[in-house]
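Trainee: What follows is each chain in one-letter form.
Number of protein chains: 2
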Amino acid sequence: MPSASETGTDLTSRNPYGHGNGVSDFLSNVSRFKIIESTLREGEQFANAFFDTQKKIEIARALDEFGVDYIELTNPCASEQSRLDCEAICKLGLKAKILTHIRCHMDDARIAVATGVDGVDVMIGTSSLMRQHSHGKDIEYIKKTAIEVINFVKSQGIEVRFSTEDSFRSDLVDLLSIYSAVDQVGVNRVGVADTIGCASPRQVYELIRVLRGVVSCDIETHFHDDAGCAIANAYCALEAGATHIDTSVLGIGERNGITPLGGLMARMVATHPEYVKSKYRLDKIKDIEDLVAEAVEINIPFNNYITGFCAFTHKAGIHAKAILNDPSTYEIINPADFGMTRYVHFASRLTGWNAIRSRAQQLNISMTDKQYKECTAKIKALADIRPIAIDDADSIIRAYYRNIQSGEDSPLMDLTADEAAQLAAKEKEFGEVASA
Amino acid sequence: MPSASETGTDLTSRNPYGHGNGVSDFLSNVSRFKIIESTLREGEQFANAFFDTQKKIEIARALDEFGVDYIELTNPCASEQSRLDCEAICKLGLKAKILTHIRCHMDDARIAVATGVDGVDVMIGTSSLMRQHSHGKDIEYIKKTAIEVINFVKSQGIEVRFSTEDSFRSDLVDLLSIYSAVDQVGVNRVGVADTIGCASPRQVYELIRVLRGVVSCDIETHFHDDAGCAIANAYCALEAGATHIDTSVLGIGERNGITPLGGLMARMVATHPEYVKSKYRLDKIKDIEDLVAEAVEINIPFNNYITGFCAFTHKAGIHAKAILNDPSTYEIINPADFGMTRYVHFASRLTGWNAIRSRAQQLNISMTDKQYKECTAKIKALADIRPIAIDDADSIIRAYYRNIQSGEDSPLMDLTADEAAQLAAKEKEFGEVASA
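Protein chains in written order, with the UniProt record's numbering: chain C, 1 to 436; chain B, 1 to 436.
The shape of chain C in the complex, shown without the other chains (with noise of 0.2 Å):
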């Protein structure tokens, strides 16, 4: 009797919330959220960051290129650059709309909406932790405070968003409260703000879905990473019913970061496709992270998403020869939709003979099954006794080949007399594991 899997050919209809048919959340923005690209706000919170103007214009016009529904900027009152880079932005004409972040301050929003923003980001502390230790206030002075900025952003004819900072670690009933008053009076959007990266994925969960019964307007979020939750945060929000991911390009921003827009795009590609293909230029995203990493003098991690040098590599034999035979088995994302490319390794000690024979096939050699097997235990051999790189692989799969045109039988590469000696050794080994 076939298996329940076997007679359909859906292959995962019956995960809980499963890609495809499974349970799906009626509250879900998946696949319809925005992203508010912050690299020239948080982003320029991140120790090496110095964006001088022309910069700050080259990594906009790139993130307009890219597709980011917002880019939001440094707070004008922060120095009298910031302000005057905030005014050369808004002239460029974008497409995404200009946000600039302010404390929750009427000096601060007189000096912002006169930038000409499209928005004005409003925030304010309001864990205990902050109220001490930062602005000092109480919930109602944050209250009526909040409602006279929005008050007077909104009278501007430009969007206003108030936030609340260390959302998570605030008195669930004071957030509720605040969010719901600020609602009232018309913020087009709240925010919640996971400031210092504490956060889980099912508390987000939870709190969005809590927000999303108490307010009409959009949510926002914003997640630090520094308990590696920042992107799985952004997405348990959406699935919740958040509408808007708060991103910067690599993740840069205070401590080690917020989500990042690339990463972000690998977790949103992977199960909604459609809507991130259709909406965002992800072949830009290389340029985009090459051009911040050389501005703020970084290095692109060796594991980072989508653009690692790594992101696209298969090693191990068994995944190699399923790559091989279709890319989706040990693959969730195409790396052709980033511009980038796969790349199936072969030569190491885990090598499988369906990578070898791949690989001879690419350089136009072709052989019988035994044949393979036993170039790809010669492969092996020398690969157990030192690191070897691709050309390696190809002289020994050549010289195996002419070998056996020839009737022949010369060195497979040039080896030290002990490197040689330590290869006949293996290969003995390895003929006898062959042919058991």
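Treat the hints loosely; a few may be bogus.
Since the list gives no way to pick out one identical chain from another, each pair is judged satisfied if it fits inside one copy or across any two copies.
[What the hints assert, rightly or not] Think about it this way: if two alpha-carbon atoms lie no more than 20 Å apart in a straight line, the pair counts; the simulated SDA-like pairs of lysine to any residue are:
hint, residue 1, residue 2
1, K143, D108
2, K373, M413
3, K55, K91
4, K277, G67
These aren't lab readings, by the way, just hints derived from the structure by calculation.
Once you have looked at the hints, place chain B on chain C.
Mentor: Chain B alone, transformed into the frame defined by chain C:
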């Protein structure tokens, strides 16, 4: 009237799933999980990895000293050297239990148990894609073979785990049927593997929670990071009742790897510090990461959890002010637990005067608040025209202090004529802002 949160001292008790007294999960193992460290198995599948015997032993000893519960090694059938290394590590007499990871096949099992390991991790692909493109077997065959292998390994008096591969794209009914069958023959652990990195946190929570009701054995989980959820998924798995988490140092593994050991520690110490700090030598994380990074020739990512160069660097003015009052305002992780130090950045255009006062006091310079503010305006003015180093800021603080002591007005720094002119203009602007 004081608001709700102001009447109590527990800051977060009313957050859903909040830290402290929030709603707790009956099934949760977040405060009693175990680590299966797989740098020497999954990590060996990383594109750059080649570990010789000495390096494997060095890594195994370091992980043992850190306190991981298990160390998992490459399949001894992968190559003859892999088998010899496995035997060598078993003979080290480590506190950690030694496991090896094999295909679900009697040939592999016989070679594995002969190495002297404490347990064998058996795995087989169960998704339709894996069954079609990898091993080509049906569910009944998988079940039968699994039971044969499990019974054999158990008969040798050592632990045995059975894991499916690509579990999140497998049919739920097939999965539960196989797990239930192996649980009934007494497997020690079942393994759930997100081999391709597609799982989302709530999907993980749901699957593990259902599985927790089906099997009585331990539950191990293995998460790849392709979509940025590896740490979050591990956390949600523990919340749902999983008992063991697979990690590797820096997350190295196939493609861009799995849940990183350091990142998992960041997540767990942020919410359950007592357990993590009592069980693991957190101060060894940096040494272990340096050891592995050097062995596989990669740089520690700039934003690495705990040990990245900016993980504990604070820059924005309001952050710096609060951090100097109470570090927990913006830190969920105490850097000292990991032998790391905090750094409050005070030489940028975002600098606030609290940070400058703190730095001046470190330099044994005491001034009035008005003087600190004026000195800060000068530093911000310079930082607004070019990047400045700590030394530059220190120079300005010292020169400013000398000037007010001596009543003379000497230059604050060596600047080019152009810079001096720009600075004079900026100082004027900042002076106006400061006195406004």
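Trainee: All the hints need checking, so say for each whether the structure fits it.
Mentor: Structure-based check of each hint:
no. : hint         : in the structure
1   : K143 to D108 : within (17 Å within a copy, 66 Å between copies)
2   : K373 to M413 : within (18 Å within a copy, 70 Å between copies)
3   : K55 to K91   : within (15 Å within a copy, 57 Å between copies)
4   : K277 to G67  : within (11 Å within a copy, 44 Å between copies)
Hint compliance for this structure: no hint is broken.
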